[in-house]
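Since the structure of chain A is provided, determine the placement of chains B and C on it from the hints.
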Amino acid sequence: MAAFAPATLSGDAAAWRGASLCSVTQFTEAGLDLVLRRAEELRLLDRGAARARHAGAVLANVFYEPSTRTSCSFQAAMLRLGGSVICVAESTSSAKKGETLEDTARSLGCYADVVVLRHPEAGAAARAAGALPPGLPLLNAGDGVGEHPTQAVLDLYTLCRELSPAGAPALPPRACLKGKTVVLVGDLKHGRTVHSLAKMLAAFDVALVFVAPPELAMPAGVAAAVDAGTATRAEAPSLAAALVDADALYVTRVQKERFPDAAAYEAVRGSYVVDAQLMKTAKPSCAVLHPLPRVDEISADFDSDPRAAYFRQMRNGLFARMALLDLVL
Amino acid sequence: MAAFAPATLSGDAAAWRGASLCSVTQFTEAGLDLVLRRAEELRLLDRGAARARHAGAVLANVFYEPSTRTSCSFQAAMLRLGGSVICVAESTSSAKKGETLEDTARSLGCYADVVVLRHPEAGAAARAAGALPPGLPLLNAGDGVGEHPTQAVLDLYTLCRELSPAGAPALPPRACLKGKTVVLVGDLKHGRTVHSLAKMLAAFDVALVFVAPPELAMPAGVAAAVDAGTATRAEAPSLAAALVDADALYVTRVQKERFPDAAAYEAVRGSYVVDAQLMKTAKPSCAVLHPLPRVDEISADFDSDPRAAYFRQMRNGLFARMALLDLVL
Amino acid sequence: MAAFAPATLSGDAAAWRGASLCSVTQFTEAGLDLVLRRAEELRLLDRGAARARHAGAVLANVFYEPSTRTSCSFQAAMLRLGGSVICVAESTSSAKKGETLEDTARSLGCYADVVVLRHPEAGAAARAAGALPPGLPLLNAGDGVGEHPTQAVLDLYTLCRELSPAGAPALPPRACLKGKTVVLVGDLKHGRTVHSLAKMLAAFDVALVFVAPPELAMPAGVAAAVDAGTATRAEAPSLAAALVDADALYVTRVQKERFPDAAAYEAVRGSYVVDAQLMKTAKPSCAVLHPLPRVDEISADFDSDPRAAYFRQMRNGLFARMALLDLVL
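Protein chains in written order, with the numbering used here: chain A, 1 to 329; chain B, 1 to 329; chain C, 1 to 329.
One chain only, chain A, in its complex shape:
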């Protein structure tokens, strides 16, 4: 069985067909432009036209750890493209009988036209993709501390929509990110989501500002990846300080269990909560993103503010995943 050779996902749609997406490093800039443009197009299609695109295609939606939101998003994306879905959960799978991930993938490849995989181990997506027959695509829906590339795409897509003029199709990332300031706040150490997003943004002319407790600072490797690109990188001592210049704010949760003791947690938690009062100090156009689910890091009193972009972000996820499925099928 050949190891997985990741395809370069370029601006040429032909390069996508049958390709697996395991890592954000597979995208070229033109490839990202293509997928975001496709998402915008699919958003405008009426229901019948969308369903005609992949009528009868079957998705095997394989989740070795629960993630309702990501699973539902992929299911809805496939159904809206006219396909259907077979759901496989780890708790009911043959993995319990000692089967290898490769055999499971290969078996599902006998039934399905595309596989979506969520797995707790880094590298699992590439292993499974390597076991599938050539031309049968797999999309990585998160592999442990590894990658979660479809989340990164939907985050970038949301940034582009929020930073583009209203009422027109979203501009490509290079155009709409130019000269903008994006603040990433919260647990930057453990957040797979912010790591992928920061690496993706590194290639653009954007100012990144990190705000995190010292215990939860952005890993050096991610910071280095940003420095290797054209983005600028800064750290701010507090959310309040960073917020003034922010064109977009990406919030993640600061979890109590990440701190050495309760006192250390209590000392900082209040300074990482976004609420209506705090947002009075931000720009009137500052978009607030969050990968969801949230607990209390964004107050519900901010939900009705037009800058609250997190539920729009979730809806963008539907179109981003439809675009990815559409391109690989």
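None of these hints come from the bench; they were simulated from the model. Being a predicted model, the structure only gives us computed values, none of them experimental. You may find that some hints are simply not true.
As the list claims (entries may be wrong) - Only some residues are given here: those of chain C computed to face chain B with a beta carbon under 7 Å:
id: 1; residue: Gly56
id: 2; residue: Val58
id: 3; residue: Ser84
id: 4; residue: Ile86
id: 5; residue: Val88
id: 6; residue: Gly98
id: 7; residue: Glu99
id: 8; residue: Arg106
id: 9; residue: Ser107
id: 10; residue: Tyr111
id: 11; residue: Phe259
Note that the Cβ used here is the ideal one computed from N, Cα and C, for glycine as well.
Same frame as chain A, now just chains B and C:
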């Protein structure tokens, strides 16, 4: 986020579109007539015509507690209307990560065209409905000791079909219930199903007879609601006594664990079992309903009797739920 | 409720419509020819034509014990025929509330057009089939130590395809098995799969060779069934000895827990492992089958050998199940 303002579900189909159904109190009599008439119409449609009604619509079927029967009934209803279904179980949902029900609902509203919710807490359906975007309907599939309005609709629909002349469309409730006697038997204290049904029947010219052990009598609040309507209410000392005049018998289970001790249970259990022998004393047209699943409160030796309506009742549930989905979509 | 009267599944397709399949004993030879021919035809249909066959039909896929592979195979088969699927797992079913299997089946029969049942108890499929309304078919997807007839059909189908000339439709079993040698190896005592296959092959002019540790020998009853047919039966002392003449090799797993002690297991395990080295001694056309999942009884180093038929076998399962669904619907 606005609180849920329950729509009045009247005889005007336009009032239903996009509306959520949380409680039987939302129905007007004309509204009930409309949904039962729609159920009769959908029953007669051929498979292709039914599927054309809502092709491509997506149902999020959210069950925070298991209920195979209700879940399958809604799934089948949506599939037969041409739609598709995303199933969400509590065990795999983000509720485990501390997300509020409102956020979960709002998230699912980003993917789905309609939400069905089963939840262990009374009032959960209204909370979730209030969090959804305007025009995105939710159907309450049971919220704890609260309501289970779609079960009440299918029970009423079954009564109407059983009490109408055979071979013709079911008459509206007012016409077919007039002058009839409906006996409710079993655990009337805890049965959400019999509470909703009794309240719904209160508005009609029907005689209600309650048969229950003293420990499991109908709550005063439900009895008062019946008395406030045009139905009459009586209690019978035994099932055998009540059965003679019954035009319909609605059976629920008497559970051992509801009694103070085993002796109290054993003393009464036999008098609440419906079997072929007992039913010899009932009218030849007396319909026997049960919300199912049953354990031993209806003997299998009665299943082949034409008066055994409980499996017809389940099939009616399919059409009642198709009608409700059809009206709100 | 009438007991289940198994239909004879003959070469006349009309005999299949609405019939339940509980046991391989229901097939006539012409019936097997019909289902394999149908599988070959469905394999050649394009996606749209296949979906037009049973558009809108609903399958209730009921698994009282987990079996991802069989469940997914049936789901994919139904979806590719244009139908849709409602999945019911034991863990969420009303069986927990004390409902009988018969009531559960009859309830599902109110929603579904066909039922697939996996159950841990032998005879469960016939009991459930007997409870369904006449004309509503059930397919047995494995009932404990009882039968697993759809696996037997796909195994036979795979043998026929592997033993027929390449590039042409598979010959009927009688034609392609004539004069061939099929070796069954591994745990022949507990394997429901090999029991059904051996009984099915008994009717043909084929040489069967059994290879198993003494503790795991083929039961006398199955051996007797083979002897009652036209197949010949032999036992070989080792896989290496049997392999030389094999036209097909059907491998099953030898499980450690079947042996009286670890030493007894270690003494034999090596001699039942198929790998690239061992297969050098087999015919260049010897097909290797396995019901999957495998653990280590077939080495991954053999996977790329053209004789490795086990993933083709899984794909054949999709078409065999499509054929069975197509015939009963």
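Results of checking the hints against the structure:
no.	hint	verdict
1	Gly56	5 Å, holds
2	Val58	6 Å, holds
3	Ser84	5 Å, holds
4	Ile86	5 Å, holds
5	Val88	6 Å, holds
6	Gly98	4 Å, holds
7	Glu99	4 Å, holds
8	Arg106	6 Å, holds
9	Ser107	6 Å, holds
10	Tyr111	4 Å, holds
11	Phe259	37 Å, violated
Violated hints amount to a single one, hint 11; each of the other numbered hints is respected by the structure.
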